Amino acid sequence: MCTTRMQTGVGRPQFSAVLECAAEAKKHGKTIWADGGVRHPRDVALALAAGAAQVMIGSWFAGTYESPSDLRRDHDGRLYKESFGMASARAVAARTATEDAFDRARKSLFEEGISTSRMFINPSRPGVEDLIDEIIAGVRSSCTYAGANSLPDFHEKAVIGIQSAAGYAEGRPLFTSWKN
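Quick note, the sequence shown lines up with residues 1 to 180 if you use full-length UniProt numbering.
If you're looking for bench data, these hints aren't it; they were derived computationally from the structure.
Here the structure is a predicted model, which is why all the values come from computation and not from measurement.
Take every hint as true, because none was put in to throw you off.
The following label-pair restraints were derived from C-beta to C-beta distances: (1) A91 - R125: 22 to 28 Å; (2) F102 - E170: 52 to 58 Å; (3) D74 - T31: 37 to 43 Å; (4) Q54 - V10: 19 to 25 Å.
Using 30 Å as the maximum straight-line C-alpha spacing, the simulated DSSO-like pairs for lysine-lysine come out as follows: (5) K157 - K30; (6) K27 - K157; (7) K157 - K26.
Where is the CB? At the ideal position from N, CA and C, for every residue including glycine.
Using the sequences and the hints, build the whole thing.
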């Protein structure tokens, strides 16, 4: 779980960051990864529309049986897997274990994030294969709406607009019937 923006005051919303960084990377013939803020297929589509060539979605898979962490049980018997950010003390320590003390100490200054987070296993939650299918279906649908035949085409054809909180709420699914 990333805490960079809350701990440091540095950072910006994912879409804005991807849009600006992708434009600059393109000038140099490079591509970028979008990393963070991905909770729904729409977030993957927005990152690709903004110009990302790849999108990191690891936390989406963290609470699945297929994720790499060991399956554990809490004091109430609930199954969970541990998840932690790559800038956390735990990840930094693992990456720098073979370095000398000076380099390890220097890099520990840049530790941030939570070293452990419990991602509880929900037996009714889809597995990784089904989650990937859901993501791909959402991105394909977005490409169809934009009239795009490829991801680079999607980036070129996607029309981006600012949406208010009220507009976002309006677009959410209605989980109740219109009838009483």
